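Full structure from sequences and hints, please.
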Amino acid sequence: MMGIVLRGMVVLSLLGSAAVHLLEWNAWARDTEVIGPLFLVNVVAGIVIAAAIIVWPHWLPPLAAIGFGAATLGAYVLSLTVGLFDVANQ
Numbered sequence: 110m111m112g113i114v115l116r117g118m119v120v121l122s123l124l125g126s127a128a129v130h131l132l133e134w135n136a137w138a139r140d141t142e143v144i145g146p147l148f149l150v151n152v153v154a155g156i157v158i159a160a161a162i163i164v165w166p167h168w169l170p171p172l173a174a175i176g177f178g179a180a181t182l183g184a185y186v187l188s189l190t191v192g193l194f195d196v197a198n199q
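Going from the sequence shown to my numbering is simple: count from 1 and add 109.
Worth flagging that the hints you see were computed from the coordinates, not collected in a lab. The structure displayed is predicted, hence computed values, not measured ones. Each residue gets a CB set at the ideal place from its N, CA and C atoms; glycine is no exception. Wrong hints could be hidden among the right ones.
As the list claims (entries may be wrong) - Derived Cβ-Cβ restraints for the label pairs, each shown as a range: (1) 140 with 164: 27 to 37 angstroms; (2) 172 with 124: 15 to 25 angstroms; (3) 115 with 192: 28 to 38 angstroms; (4) 169 with 137: 26 to 36 angstroms.
Written out as structure tokens, the structure is:
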């Protein structure tokens, strides 16, 4: 079982990632065909997983948070290197 401090840090990280993706979606990603909807999926997933960590003291929400972080980081690395759906960070 995760300690209260660790749970709080994970929740803040998830909500921070969701907020950044929402801001970036609003700034430029809303105009892209594939990346825009994926940014919104990231926003919703971050909020849902954060809520699950708060209300459900089970091993599944932390596992979902790890998968969420890995998927988000993996997509970012792809966008930096080869591009992701014709979008590349510079």
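Here is what the structure says about each hint:
no.: 1; hint: 140 with 164: 27 to 37 angstroms; result: holds, 35 angstroms
no.: 2; hint: 172 with 124: 15 to 25 angstroms; result: holds, 18 angstroms
no.: 3; hint: 115 with 192: 28 to 38 angstroms; result: holds, 35 angstroms
no.: 4; hint: 169 with 137: 26 to 36 angstroms; result: holds, 34 angstroms
Taken one by one, the earlier hints all hold for this structure without exception.
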